[in-house]
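Chemist: All the letters of the sequence shown, read from the start, carry residue numbers 564 to 932 under this note's numbering.
Keep in mind that the hints were calculated from the coordinates and are not lab data.
All figures in this text were calculated on a predicted structure; none of them were measured in a lab.
Take these hints with a grain of salt, some might be off.
What the hints assert, rightly or not - List time: in silico DSS-like cross-link candidates among lysine-lysine, alpha-carbon distance up to 25 Å:
#	residue 1	residue 2
1	LYS782	LYS834
2	LYS704	LYS659
3	LYS834	LYS640
4	LYS606	LYS624
5	LYS867	LYS828
6	LYS878	LYS803
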Amino acid sequence: MSKLKIILLLIIVLGGLPAFSVRGEWPAKKNDTRYSQALYWEKLKDSLVQCRLCPRLCVLKPGEKGFCKARKNIKGKLFTLTYGYPVALHPDPIEKKPLFHVYPGSDSYSIATAGCNLRCKFCQNWEISQVDAEKINPDFKKASEIVRRAKTSGCKTIAFTYTEPTIFYEYMLEISKIAANEDMPCVMHSAGYINEKPLRRIAQYIKAANIDLKGFNDKFYSSYCNGDLSTVLRTLKILKEEGVWIEITNLIIPGANDDEEELKKMCNWIKENLGAEVPLHFSRFFPMHRLINLSPTPVSTLLKAKKIARDCGLKFVYVGNVPRNIHESTYCPNCNKLLIKRVGYSIIENNIENGRCPRCGENIPGLWQ
564 MSKLKIILLL IIVLGGLPAF SVRGEWPAKK NDTRYSQALY WEKLKDSLVQ CRLCPRLCVL
624 KPGEKGFCKA RKNIKGKLFT LTYGYPVALH PDPIEKKPLF HVYPGSDSYS IATAGCNLRC
684 KFCQNWEISQ VDAEKINPDF KKASEIVRRA KTSGCKTIAF TYTEPTIFYE YMLEISKIAA
744 NEDMPCVMHS AGYINEKPLR RIAQYIKAAN IDLKGFNDKF YSSYCNGDLS TVLRTLKILK
804 EEGVWIEITN LIIPGANDDE EELKKMCNWI KENLGAEVPL HFSRFFPMHR LINLSPTPVS
864 TLLKAKKIAR DCGLKFVYVG NVPRNIHEST YCPNCNKLLI KRVGYSIIEN NIENGRCPRC
924 GENIPGLWQ
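All chains, full assembly: derive it from the sequences and hints.
Modeler: See below:
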């Protein structure tokens, strides 16, 4: 367990959070607020509110929080508990998102707050994604401070990642607007569980996104994630319409979403709706959270999945969470020349020239400069 996760667990277990007023003033800090009014909600009768950010459409009484544990009805208005309160904040290789066709070898200033609107049984960051945002007390950081830190750290991009960016939507939007004025691109890694209107708005400020396509049937999404497939597929199509560079991650869990026919259907859907050039990352599952009794994904299963994807016509298919494997490198889909050699999150060589294969001239889609 990471040092950050240990600290967060201690905070949750030991408590010790200072009191705050109904208006949301956080007495330990000056010029900030624990609560900021949320976007995308509707006022109902009897001081009820309905959140319109994600498909759950939570209807909340005064004092109640949404499914995400990060949005709260206070006196008939909806407030976000995450604005300005990141629980993770540091540079990462952009390959860690993973985004393999976006500024290879660069760092991305990565940010997350508490909260998520899914309940994935296999979540690797459950200690921060599944906590009540009101029960932890990270330091307040203005949106402008995030952008300043990203620039001074030498990062090429800002990444909204680790938990679910939808849950800190207002914070993400403000950071993205400031970053756009500073010519700093923003990217995100998301489960894609968001309504159309807020998605199209944030897409104006997002250059690239890795979306988790966790399975390819509603039974899996319902049983393992407490969500639905159709919303995620809609998100992918909207991002394509809005011109956002898309990559997809599919975590393969033994006995849960590893059916070969289903994988074939998924890959065909990607090709037909998003295009053969969309990078697909098959990631290895390790026992985590509520699935600690399962075995890790056999490497052979991942390689079969890659073959299925290539046979379906997808041009860029990767295998992740398997150390030092050749399937994390990028090859030309036309002549098979090694274009980007990766070892873990490190770029050993990058042979792409002006977005093309130097041997055959094949166009290699992505954000390269």
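Chemist: For every hint, state whether the structure bears it out.
Modeler: Here is how each hint holds up against the structure:
| no. | hint | result |
| --- | --- | --- |
| 1 | LYS782 x LYS834 | 23 Å, holds |
| 2 | LYS704 x LYS659 | 24 Å, holds |
| 3 | LYS834 x LYS640 | 43 Å, violated |
| 4 | LYS606 x LYS624 | 11 Å, holds |
| 5 | LYS867 x LYS828 | 14 Å, holds |
| 6 | LYS878 x LYS803 | 17 Å, holds |
Violated hints amount to a single one, hint 3; each of the other numbered hints is respected by the structure.
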